[in-house]
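Given the sequences, and given the hints that come with them, work out the whole structure.
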Amino acid sequence: MKQLTTVESMYSCVRCGACREACPTLSITGREADGPRGRVLMARNLIEGVIPVNDEIKEQLDRCLLCSACVDACPVDVAVPDIVMMAKEKISEVSPQKGVTGTVGKWIFRKLLPFPRRLQKLGHLLWIYQKSGLQNVVRKLGVMKLFPESLQQMERAMPEILPPSRRSPHPPLTPSERKDQNGPSHSAPRAALFQGCIMDMMFRSTNENTIRFLAKSGFDVVTPGQQVCCGALHTHNGEKQTAVQLAKKNIEVFEQANVDYIVSNAGGCGAMLREYEELFRDDPEWLPRARKFCQKVKDVSEVAVQKGTVPQAAGQGERITYQPSCHLQYVMGVKDAPKKLLRSVADAQYVELPEAGYCCGSAGIYNLLQEQMANDILDKKMGNVAKTRANVIVTANPGCLLQMKMGIERAGMKGSVEAVHIVDYMVEAMERNNQSQTAENQEKLQMQSV
Amino acid sequence: MDGRIIVRLEQLFGKERVLTNQTDLMTYSYDASFATQLEPKEPEIVVIPQSTEEISACVKLANEYKVPLYPRGAGTAQTGGPVPVMGGIVMDLSRMNRILEIDHKNMQVVIEPGVVQANLNNALKEYGLFFPPDPGSAKMCTIGGMVANNSSGLRAVKYGNTRFYVLGLEVVLPTGDVIITGGSKSKALKSVSGYDLAHLMVGSEGTLGIITKLRLKVLPLPPGRGIVLCSFSKLEQAGEAVNALFRSGILPSALEIMDQQCTKAANLMRPQLALPENEALLVIEADGSKEEVASQVKRITEVIRQFTDYVKFSDEPEECQQLWQARQIVGAATGRLKPGGFRVYGGEDICVPLSRLPETLRKIHEIARSYNIVCAIYGHIGDGNLHTSPVINRRDKEEIENAKKMIEDIHRLAIEMEGTTTAEHGVGIVRAQYMEIEHGTALEVMKAIKRTLDPNNILNPGKMALPV
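So the protein sequences, as listed, match chains Y and P.
The number in our numbering is simply the position in the first sequence, starting from 1, with 24 added.
The number in our numbering is simply the position in the second sequence, starting from 1, with 8 added.
Worth flagging that the hints you see were computed from the coordinates, not collected in a lab.
Think of the CB as a built atom: it goes at the ideal place given N, C-alpha and C, for glycine as much as any other residue.
Keep in mind that the hints are not guaranteed to be accurate.
Restraint-style ranges between C-beta atoms, simulated for each label pair [claimed, not checked]: (1) Y:Thr29 - P:Gln30: 23 to 33 angstroms; (2) Y:Gln27 - P:Gly191: 49 to 59 angstroms; (3) Y:Thr29 - P:Ala282: 46 to 56 angstroms; (4) Y:Gln27 - P:Lys413: 27 to 37 angstroms; (5) P:Lys23 - Y:Val375: 37 to 47 angstroms; (6) P:Arg16 - Y:Gln396: 47 to 57 angstroms; (7) P:Gly22 - Y:Glu279: 52 to 62 angstroms; (8) Y:Thr29 - P:Glu285: 55 to 65 angstroms.
Below, the structure written as structure tokens:
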């Protein structure tokens with residue numbers, strides 16, 4: 025749990041400015057109010073009642089990506105995103121969000137995300153949209169032109185949804201494939217897949233690959249069917265009560281699963297899961313259970329590098345770069361593990377992305393709400409991608425992945441650069457290595473028989 | 009203020025770069041000083057320029073409408089220097105952050121004022137060069153601000169302060185005219201032609217001109233470094249050890265002291281450091297080639313061993329990083345000395361003669377005790393510069409009042425010890441009241457210079473005890 029409460033941390037900011045160079049929005053506009061120091065002061069003045077709740081302060085605080093890069097840079101751990109959220113909660117108490125965004129938002133947070141079955145139904149609809157030809161019609165007619173630019177780009181970047189028949193529940197247990205090396209399978213560490221809500225609907229195959237990746241790396245993988253959404257989007261949008269309910273459900277489900285690790289493949293979800301303790305700071309009954317849960321939460325790269333044995337993987341001569349997920353690098357503190365994996369791939373060249381520390385601008389639904397700023401951030405990011413001359417951008421979070429795909433569209437790099445999730449990239453590269461080894465072995469056998 | 013100036017500024021900068029929102033103004037009401045935490049002061053307008061031409065035109069407008077103008081870098085000052093105490097316009101220069109030229113053949117660079125120190129050094133690394141002045145805020149402070157305050161840092165004991173590296177400056181004068189000091193077309197590394205105007209600007213804290221371009225000298229980057237960490241049961245021993253080092257012909261690249269409270273704080277933040285909590289801890293750095301470093305480290309430890317048995321040293325990069333950690337985290341760690349502690353930046357930059365350092369440290373602790381304030385002291389013992397760090401509860405009114413009195417006492421003590429109230433941070437508003445005691449009639453000359461260059465008192469008024 026964090027050492028300081030949000031209020032304490034708000035009062036410990038000495039305004040030294042160590043956060044300035046870390047902040048993506050400040051790097052775009054240079055306005056102090058677009059930087060962490062400014063935000064802490066504005067939030068504090070709002071909370072103390074020095075300034076009134078109005079549109080101006082709301083707009084200023086809404087521009088924060090909540091990426092946590094500033095917390096990482098802060099010598100005294102001022103929890104800027106928490107402070108901004110506290111102020112936003114006060115704003116929504118005083119003037120609840122009106123209009124369509126407010127109503128639709130509430131419906132999504134309260135009635136859609138918490139219910140896996142409803143999400144699967146939405147998945148069916150999206151699949152029908154893509155497969156029935158409707159998507160083609162929409163694209164040909166240019167219907168999307170009626171929508172904001174970011175939605176248009178997002179529509180184009182949307183991954184292909186798997187048909188309902190291929191989205192049945194994951195197998196409850198997938199045993200480790202490394203029994204031979206690691207002795208009998210019961211000695212393999214047990215890892216539970218946290219499948220996520222949108223992740224499992226839109227990036228189903230990445231979840232399947234995560235199971236494969238973990239099993240290949242020596243884990244028995246279980247996937248508890250009763251798990252629910254992590255609650256990250258709820259916490260970031262002032263729906264804390266729903267988040268608490270979701271957290272309780274997940275804690276119960278994963279206690280029953282009896283595992284060593286709870287593995288996430290989405291930085292955003294993993295960070296939320298690791299912060300469950302914060303949700304129960306004042307709840308002595310749930311706090312110890314939450315703490316135990318949090319200690320088991322690992323990112324897929326992290327757990328594979330630290331606790332597994334990752335099989336050899338092979339590329340095909342490509343240049344790869346890595347765009348970290350902010351929640352993964354700053355909240356979960358996982359910085360090197362994904363790079364370690366990528367560097368280990370044979371026949372591929374890993375190139376460091378300049379200014380990789382900056383958020384890509386995806387940040388949950390920030391790219392929909394703050395279109396201009398998100399696009400400025402993304403364009404800057406793509407400029408840095410171009411400098412690496414990489415053909416593959418590897419990401420570690422679905423939001424970042426979609427954003428990178430949009431970035432490739434915007435920068436006109438389609439065809440020369442692709443964006444992939446690290447697990448998908450690794451599994452493909454492992455299988456490629458496997459095939460070429462099998463081929464080699466066969467060749468050897470043939471040679472011997474000759 | 010005349011509303012028409014806003015229209016004129018918007019014509020000059022475009023609406024995007026002229027800020028008048030209440031919330032925007034609020035965020036320019038402070039720097040890193042304790043004084044502006046307690047009493048922030050908002051500007052009426054903020055402008056974000058991108059070129060010398062814009063700055064010159066803006067200064068001319070300020071003269072036309074008689075509105076004060078305050079240049080600001082990253083706002084990391086601990087003096088209130090960039091804060092608009094008389095109202096008016098704040099000019100945020102942090103966006104002018106381009107490195108214009110790395111002229112490695114001539115050992116110099118040309119940059120804009122908003123370049124952050126660490127970013128310049130990152131860019132210089134591939135040329136095997138570096139810009140030596142390294143304040144604790146190197147990761148965020150702008151070099152324009154460093155020049156305006158003549159800052160320095162850990163390595164000043166060997167490499168000196170910012171002043172030594174300024175070859176020439178492009179400056180927008182308080183009237184809006186633009187000059188280039190140090191020879192308008194010169195690329196020379198030395199010049200004594202004419203009055204040294206560049207060094208009149210260095211340390212002028214934005215009262216005599218706005219620096220818009222800088223030509224700076226750079227040095228070869230030493231390939232290696234070594235660290236010696238040693239602990240002393242008595243402060244006086246640490247003082248004697250430093251003196252002995254210098255007299256044996258050793259000039260370390262950093263020579264840092266941490267007192268007992270500092271080591272305690274560092275241990276609280278990183279228990280694995282396990283530092284001995286004696287009266288004084290010295291962290292000494294040597295730099296140069298691998299062989300030079302090894303031999304220096306050996307000589308340093310030999311000298312130090314005459315005064316204490318607790319000596320650790322290394323010239324391996326990773327181990328050095330370990331030994332250096334204590335010094336690196338101390339600024340932030342002091343807050344841990346008290347639950348919910350807030351580290352006060354005040355009385356934080358005194359400098360005293362080396363011979364009076366142990367005595368000064370003891371007296372500062374006496375002052376802190378008299379106000380019942382937790383206080384840690386660290387600093388650059390190699391040049392007598394002490395960073396006092398009182399830790400208080402930010403919401404305790406009585407403690408805030410006591411801290412203010414304590415800061416005053418520390419500044420008076422520095423003068424009594426034949427030292428100065430500020431070695432590298434500057435005067436701003438927080439040390440203006442000592443200008444007369446420190447400078448006597450020389451202050452009158454400063455005032456005369458200010459009046460001559462800035463007849464309308466436009467640039468950064470209300471600072472350094474200059475006329476308002």
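Hints versus structure:
For Thr29 of chain Y and Gln30 of chain P, the hinted distance range of 23 to 33 angstroms is satisfied, since their beta carbons lie about 28 angstroms from each other. Our hint of 49 to 59 angstroms for Gln27 of chain Y and Gly191 of chain P holds, since their Cβ atoms are close to 54 angstroms apart. About 29 angstroms separates the C-beta atoms of Thr29 of chain Y and Ala282 of chain P, a value inconsistent with the hinted range of 46 to 56 angstroms. Between Gln27 of chain Y and Lys413 of chain P the CB atoms are about 30 angstroms apart, so this pair conforms to the stated range of 27 to 37 angstroms.
A C-beta distance of roughly 40 angstroms is found between Lys23 of chain P and Val375 of chain Y, which places it inside the suggested range of 37 to 47 angstroms. Take Arg16 of chain P and Gln396 of chain Y: their Cβ atoms lie about 27 angstroms apart, and the range 47 to 57 angstroms is violated. Roughly 58 angstroms separates the CB atoms of Gly22 of chain P and Glu279 of chain Y, a value that falls within the hinted 52 to 62 angstroms. At about 29 angstroms, the CB distance of Thr29 of chain Y to Glu285 of chain P disagrees with the hint of 55 to 65 angstroms.
The earlier numbered hints that this structure contradicts are 3, 6, 8.
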